[in-house]
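Peer 1: Chains as they are written, first to last, in the numbering used here: chain A, 1 to 110; chain B, 1001 to 1113.
Quick caveat, the hints were computed from the structure, so don't treat them as lab data.
One should not assume that every hint holds.
As the list claims (entries may be wrong) - In silico BS3-like pairs for lysine-lysine, Cα to Cα no more than 30 Å straight-line:
#: 1; chain 1: B; residue 1: Lys-1053; chain 2: A; residue 2: Lys-45
#: 2; chain 1: B; residue 1: Lys-1013; chain 2: B; residue 2: Lys-1071
#: 3; chain 1: B; residue 1: Lys-1013; chain 2: A; residue 2: Lys-45
#: 4; chain 1: B; residue 1: Lys-1070; chain 2: A; residue 2: Lys-79
#: 5; chain 1: B; residue 1: Lys-1018; chain 2: B; residue 2: Lys-1070
#: 6; chain 1: B; residue 1: Lys-1003; chain 2: B; residue 2: Lys-1070
#: 7; chain 1: B; residue 1: Lys-1057; chain 2: B; residue 2: Lys-1071
#: 8; chain 1: B; residue 1: Lys-1055; chain 2: A; residue 2: Lys-45
#: 9; chain 1: B; residue 1: Lys-1070; chain 2: B; residue 2: Lys-1055
#: 10; chain 1: B; residue 1: Lys-1053; chain 2: B; residue 2: Lys-1070
#: 11; chain 1: A; residue 1: Lys-79; chain 2: B; residue 2: Lys-1071
#: 12; chain 1: B; residue 1: Lys-1070; chain 2: B; residue 2: Lys-1013
#: 13; chain 1: B; residue 1: Lys-1003; chain 2: B; residue 2: Lys-1071
#: 14; chain 1: B; residue 1: Lys-1071; chain 2: A; residue 2: Lys-45
#: 15; chain 1: B; residue 1: Lys-1053; chain 2: B; residue 2: Lys-1003
#: 16; chain 1: B; residue 1: Lys-1057; chain 2: B; residue 2: Lys-1003
#: 17; chain 1: B; residue 1: Lys-1013; chain 2: B; residue 2: Lys-1057
#: 18; chain 1: A; residue 1: Lys-45; chain 2: B; residue 2: Lys-1057
#: 19; chain 1: B; residue 1: Lys-1053; chain 2: B; residue 2: Lys-1013
#: 20; chain 1: B; residue 1: Lys-1057; chain 2: A; residue 2: Lys-79
#: 21; chain 1: A; residue 1: Lys-45; chain 2: A; residue 2: Lys-79
#: 22; chain 1: A; residue 1: Lys-79; chain 2: B; residue 2: Lys-1055
#: 23; chain 1: B; residue 1: Lys-1003; chain 2: B; residue 2: Lys-1013
#: 24; chain 1: A; residue 1: Lys-42; chain 2: B; residue 2: Lys-1070
#: 25; chain 1: A; residue 1: Lys-45; chain 2: B; residue 2: Lys-1003
#: 26; chain 1: B; residue 1: Lys-1018; chain 2: B; residue 2: Lys-1003
#: 27; chain 1: A; residue 1: Lys-42; chain 2: B; residue 2: Lys-1055
#: 28; chain 1: B; residue 1: Lys-1003; chain 2: A; residue 2: Lys-42
#: 29; chain 1: B; residue 1: Lys-1018; chain 2: B; residue 2: Lys-1057
#: 30; chain 1: B; residue 1: Lys-1055; chain 2: B; residue 2: Lys-1071
#: 31; chain 1: B; residue 1: Lys-1003; chain 2: A; residue 2: Lys-79
#: 32; chain 1: B; residue 1: Lys-1055; chain 2: B; residue 2: Lys-1013
#: 33; chain 1: A; residue 1: Lys-79; chain 2: B; residue 2: Lys-1018
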Amino acid sequence: RKEVEQDPGPFNVPEGATVAFNCTYSNSASQSFFWYRQDCRKEPKLLMSVYSSGNEDGRFTAQLNRASQYISLLIRDSKLSDSATYLCVVTDSGNTPLVFGKGTRLSVIA
Amino acid sequence: DVKVTQSSRYLVKRTGEKVFLECVQDMDHENMFWYRQDPGLGLRLIYFSYDVKMKEKGDIPEGYSVSREKKERFSLILESASTNQTSMYLCASSSAGQGGELFFGEGSRLTVL
């Protein structure tokens, strides 16, 4: 069975801190990787895709390590508005259902 | 603005009732999905569909069925609701071959008494 594992947290960090989440996946054939964000009582939304070379979007950096089968998300200069659950997501191919991790909860505290 | 609309945000049903959860998307997406989300268990895939009249079982299809008569509409059916089907149900859609960006509805919270 394909699995995606995440530390559930919660991660409680002060504003301005840097925080990193890791996620491991069991299927070595996985091709595509993503981070989704889910705010409390809201639906998940795509935060960013994760590319082999690593990619950055503002304060967010995503990395992929295929050899060790993990992906990471780094958030710099945390804001209160970053408080949410972050879901690690993988898929085998463009048209295979996504496999979601259970999520890591982040609380950024003033 | 892209939209996935779920017919009911909150439902309360009794054990044994038949329940319909409707989902409509306006993005002309080929792929549609039904998930349930429970505390500590995350998102679990119930059924999905890549085309009209097509359906595939996900990880937890037992006790559920689906219908996709039109491209924009994907219905989840609980033939005989049970208390362990109390959950948040999330519908999602995506474009064929674009895997990765799922667009979710706001969810339907079902309570079965």
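Peer 1: None of the hints should be skipped; say for each whether it holds.
Peer 2: Checked hints:
no., hint, in the structure
1, B/Lys-1053 x A/Lys-45, "holds, 27 Å"
2, B/Lys-1013 x B/Lys-1071, "holds, 28 Å"
3, B/Lys-1013 x A/Lys-45, "holds, 29 Å"
4, B/Lys-1070 x A/Lys-79, "violated, 43 Å"
5, B/Lys-1018 x B/Lys-1070, "holds, 21 Å"
6, B/Lys-1003 x B/Lys-1070, "holds, 16 Å"
7, B/Lys-1057 x B/Lys-1071, "holds, 18 Å"
8, B/Lys-1055 x A/Lys-45, "holds, 24 Å"
9, B/Lys-1070 x B/Lys-1055, "holds, 12 Å"
10, B/Lys-1053 x B/Lys-1070, "holds, 8 Å"
11, A/Lys-79 x B/Lys-1071, "violated, 40 Å"
12, B/Lys-1070 x B/Lys-1013, "holds, 26 Å"
13, B/Lys-1003 x B/Lys-1071, "holds, 14 Å"
14, B/Lys-1071 x A/Lys-45, "holds, 22 Å"
15, B/Lys-1053 x B/Lys-1003, "holds, 22 Å"
16, B/Lys-1057 x B/Lys-1003, "holds, 24 Å"
17, B/Lys-1013 x B/Lys-1057, "holds, 24 Å"
18, A/Lys-45 x B/Lys-1057, "holds, 23 Å"
19, B/Lys-1053 x B/Lys-1013, "holds, 28 Å"
20, B/Lys-1057 x A/Lys-79, "violated, 40 Å"
21, A/Lys-45 x A/Lys-79, "holds, 18 Å"
22, A/Lys-79 x B/Lys-1055, "violated, 42 Å"
23, B/Lys-1003 x B/Lys-1013, "holds, 27 Å"
24, A/Lys-42 x B/Lys-1070, "holds, 27 Å"
25, A/Lys-45 x B/Lys-1003, "holds, 12 Å"
26, B/Lys-1018 x B/Lys-1003, "holds, 27 Å"
27, A/Lys-42 x B/Lys-1055, "holds, 26 Å"
28, B/Lys-1003 x A/Lys-42, "holds, 14 Å"
29, B/Lys-1018 x B/Lys-1057, "holds, 20 Å"
30, B/Lys-1055 x B/Lys-1071, "holds, 12 Å"
31, B/Lys-1003 x A/Lys-79, "holds, 28 Å"
32, B/Lys-1055 x B/Lys-1013, "holds, 26 Å"
33, A/Lys-79 x B/Lys-1018, "violated, 45 Å"
Of the numbered hints given earlier, the model fails hints 4, 11, 20, 22, 33; all others are met.
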